[in-house]
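S.K.: Sequences listed follow chains A and B, in order.
Going by full-length UniProt numbering, the first sequence opens with residue 1, and the numbers climb by one from there.
Going by full-length UniProt numbering, the second sequence opens with residue 1, and the numbers climb by one from there.
Careful, some of the hints might be misleading.
Dumping the calculated DMTMM-like pairs for lysine to aspartate or glutamate here, alpha-carbon to alpha-carbon at most 25 angstroms [what the hints assert, rightly or not]:
id, chain 1, residue 1, chain 2, residue 2
1, B, 37, A, 207
2, B, 141, B, 165
3, B, 37, A, 208
Hints listed in this document are in silico derivations from the structure and should not be mistaken for laboratory results.
Values in this document were obtained by computation on a predicted structure and should not be read as measured data.
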Amino acid sequence: MNSHTHAPVRPRWHAAAAALRHPALKVAAPLALLAATGVWGAVTGDIAGLRIASTVLMYIALAEGWNLLGGYAGYLNFGTVIFLGIGAYTTAIAVTGTGVNALVTIPLAALVAAGVSVLIGIPGFRLRGDYFAVATFVLTLAARELANVLEITGGSVGLFLPPVADSLGASTRLFFFLFLALAAVSVAICWVSERTRWFSALVAVREDEDAAEVLGVPTLRLKVVALAVGAAIAGAAGSLYAAQSLYIEPTGTFDFRVSLAVVVAVILGGKGTWYGPVAGAVLTQLLATQLFVRLQGVWDQLIFGLLLIAVALLAPRGITRLTRRARGRRFGV
Amino acid sequence: MIGPNGSGKTTTINLLCGAIRPGKGSVRLLGREIARKPAHAVAALGVGRTFQNPRVFSTLTVLENMYVPVAHRVSPAAARSMAARAHEWIELTGLGGFAHRVASELSGGQRKLVEFARVMVQRPAVVLMDEPFAGVHPVVKEALYAQIQRAAGDLGTAFLVVSHEVPDLVSLSDRFVCMAQGEVLVEGAPQEVCANPSVIEAYLGAPLEGAA
Chain A
1 MNSHTHAPVR
11 PRWHAAAAAL
21 RHPALKVAAP
31 LALLAATGVW
41 GAVTGDIAGL
51 RIASTVLMYI
61 ALAEGWNLLG
71 GYAGYLNFGT
81 VIFLGIGAYT
91 TAIAVTGTGV
101 NALVTIPLAA
111 LVAAGVSVLI
121 GIPGFRLRGD
131 YFAVATFVLT
141 LAARELANVL
151 EITGGSVGLF
161 LPPVADSLGA
171 STRLFFFLFL
181 ALAAVSVAIC
191 WVSERTRWFS
201 ALVAVREDED
211 AAEVLGVPTL
221 RLKVVALAVG
231 AAIAGAAGSL
241 YAAQSLYIEP
251 TGTFDFRVSL
261 AVVVAVILGG
271 KGTWYGPVAG
281 AVLTQLLATQ
291 LFVRLQGVWD
301 QLIFGLLLIA
311 VALLAPRGIT
321 RLTRRARGRR
331 FGV
Chain B
1 MIGPNGSGKT
11 TTINLLCGAI
21 RPGKGSVRLL
31 GREIARKPAH
41 AVAALGVGRT
51 FQNPRVFSTL
61 TVLENMYVPV
71 AHRVSPAAAR
81 SMAARAHEWI
91 ELTGLGGFAH
101 RVASELSGGQ
111 RKLVEFARVM
121 VQRPAVVLMD
131 EPFAGVHPVV
141 KEALYAQIQR
151 AAGDLGTAFL
161 VVSHEVPDLV
171 SLSDRFVCMA
181 QGEVLVEGAP
191 QEVCANPSVI
201 EAYLGAPLEG
211 AA
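The following block holds chain A by itself, in its conformation from the complex (with noise of 0.2 angstroms):
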C-alpha cells in the first residue's frame, strides 16, 4: 500500500469493492439494458421497444438538465415540463406557421425555453427553499391555462404537425437516434460541469447560499444560467416530442407528472452526480413502463410508489450511492 495514503491497510476483497466503485461501471448496467432494448427494437423492428427507449432517453436528459439546478445547486424544481411544454409549442407553431420542417425548429425550441426560463428565474430566485419549489409546481399549472386559452397554441384543441419521416417504423428509428443525442449531450454537460470551478460554486450555493455570495459567487446569475442550460435541454427535449406525436395539446404537454417523474429519477439515482440521473431514469421508467403493461389501472402506481418508499429508505443517497463514494483529486491543478 502507498506510504501516503492515510487509509488503513485493507483486506483485497476491498480492491474489488473499489472497483465497483466507479461511476462508469453504475451507469453501465442500466445503460446496457438499455441498449439492449434499442438493438433489440432497430433488429428486430420491434416499435414499441424503440419507443421506450426513446422515452427513456428523453427522460435521461430532463433528468441531467434537472440536476444542474436540482442536484449541485440544491434547488429543488417541480418546473421540467414548463419548458419541455414550451419547446413542444415554439416546434408546432413554427412548423404549423411557416412549414419548416419540425427537425430545423429544435435549436430555436431550446432557445425559447432557455429564454423563458430566464423571465421566470430573474424574479423566481427571489424565493428560496420550499417556496421555490412552491412556486415551479404553480407556473406548471399558469403554463397549462395559457396554452388552454392563447390562440396561437390552438387552445384546448391543439396543433397538428405533418410527419417528418416516411414511415412510423422510419420515423421510430430516427426520433430514437435523436433522443439518443440529446440524452449524450445531456449527461456530457453534466459529465463536464463536475470538472470545472463552475461546479465548485454551484456547490457553494448548495451548502451555503449566503456565505457563497459574501466570497463573491454571483449567485443569482449562476442558478439562472444553471436554470436555463436544463430549459434548453428540456425545450429541444419537447421540440422532438412534438415532432413525433405530430400532435399536442395543453393538458398532455404540461402534464405535471412528467416534472414529478424527472425529480424522482434523480433523487432515486443520486442527484449531484452525472451518473445518477441516468441510472435513476432508466430503473424507474423501465419499471414504470413494466408495471404499466402487466398491472394496468391502480395497482402499477401502488407498487411503483411502494417500491419507491424502499428504495427511499434503503439507499437514501440514491442507488448509486450505495457505497460510499471516494472524493479523490477534480482539477488538475
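Using the hints provided, position chain B relative to the given structure of chain A.
M.R.: Chain B alone, transformed into the frame defined by chain A:
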C-alpha cells in the same frame, strides 16, 4: 474591533461586506460608495470576510473551497494565477497535506485556516474577520497571527478583526475600535482605548495588565 456581546460588531461586518444593507448612511471603500451593491459585487471590489463559525463548504475538498470565490472568472490567465494562489495559501496555512481532503473531515481549527486561505485567494484589499481566534488551538492561533501580519506587511492587506483576545490584539493592531450598544464607544491607539475608563467599564471589567 472589541466590545461586549450584542454591541453590533458582527452587524458592522455584515454591513461592510454587503450581507445586509444599511437603512441609512453609507459604506465607502477607497472613496467609493458600496452600501447599495450586492454582496458578491462588494467581494469583487476587494472586501473579503471570514465568519464567527467557519462556513466552509463541507462536501467540497479544501482546494475546491479555494475555487469558490473565483469560480465565475473565466479567463484562462485569471484561472491560472488563481490556481497558483490557491496552492500557495494552502501551503502557507499549513494545509498542504489536506488539499484534496473533503472539508467535512477537517477539525474546527483547520476549517478556520481553510476560511482564511480562501479569503486570501481573492487577493482582497480589506479582510473582515469575525472572531477568527475563538475556540482555536494556541498553535493555530499563532499561525493565524503570523499570516495576518505577513499579509498586512507584504501585500498591504487591511484587516478588521473582531476578537476578545485583547492582550494579543494590542500588539497586533494599529488601531482599536470599541463598540457598545450599537455605537462606537471609543477609537484610537490600542493602548489608549484599553486604558479608557468607559471601555473598562463597558467591556474589559478591569484595566488590562501592562496597559498604560
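S.K.: Against which earlier hints does the structure fall short, listed by number upward?
M.R.: No hint contradicted; all consistent.
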